[in-house]
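**Q** As a plain string of letters, each chain reads:
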Amino acid sequence: NAGVTQTPKFQVLKTGQSMTLQCAQDMNHEYMSWYRQDPGMGLRLIHYSVGAGITDQGEVPNGYNVSRSTTEDFPLRLLSAAPSQTSVYFCASSEPDSSEGAFFGQGTRLTVV
Amino acid sequence: ELKVEQNPLFLSMQEGKNYTIYCNYSTTSDRLYWYRQDPGKSLESLFVLLSNGAVKQEGRLMASLDTKARLSTLHITAAVHDLSATYFCAVDEGSNYKLTFGKGTLLTVNP
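Heads up: the protein sequence lines correspond to chains A and B, in order.
Just so we're aligned: the first sequence equals residues 2 to 114 in the working numbering.
Just so we're aligned: the second sequence equals residues 920 to 1030 in the working numbering.
This is chain A alone, in the form it adopts within the complex (with noise of 0.2 Å):
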């Protein structure tokens, strides 16, 4: 069982380039969520999902775009990369109301140059 599954693991990206972040669970997990972690910041919520075609914004989105097409995947999407980008970002799953929280990604350490 994979669990949840983010590619890729490192990135660098110029300026002003595009890119898209992957993650995919195979829990069957209703819930959705990227995370961006910066040093001395914790966890910050950039988007979340609770269902397939379903998708909001969190704490810090912009910049930043999603879909969910399926109930399997939750890609993000850097439209035009900046150097306040450079971060590790992390993807997660759960269930409403599980007693087990959420489960999250491996993790992508991205640098904008």
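Label pairs and their calculated CB-CB ranges:
1. B:T1027 / A:V114: 27 to 35 Å
2. B:E924 / A:S85: 19 to 27 Å
3. A:Q58 / B:G972: 27 to 35 Å
4. B:S964 / A:P40: 20 to 28 Å
5. A:G4 / B:E1012: 19 to 27 Å
6. B:N926 / A:P9: 30 to 38 Å
7. A:V13 / B:G972: 43 to 51 Å
Below, simulated BS3-like cross-link-like pairs (lysine-lysine); rule was C-alpha separation at most 27 Å, straight line:
8. A:K10 / B:K960
9. A:K10 / B:K1022
10. B:K1022 / B:K960
Because the hints were derived from the structure by calculation, they are not lab data.
From the three backbone atoms N, C-alpha and C, an ideal C-beta is built for every residue, glycine too.
Start from chain A and add chain B according to the hints.
**A** Quick look at chain B alone, frame taken from chain A:
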């Protein structure tokens, strides 16, 4: 806006000692999580606290939740080096999909 404050942010302990990490939050919620993160790794779920007065224990770690005080604690008993990591608390705003995290406590256990 929900705020989650952890303290201390840095904790250096000797092996064998006890200590407590505190997590205060600013809104009514009865769902709180503790995670552990090793350097360069993902987050590992430690405890899920779902009601006022909840207490959970795993090995040398014990977590509790007081929703009236809006406070959770993570108590470390007789620390060992393997507990060195960053510990995060996170408060659930929306039933498992909208977590607000504290800034984390970097715990270093010295021999």
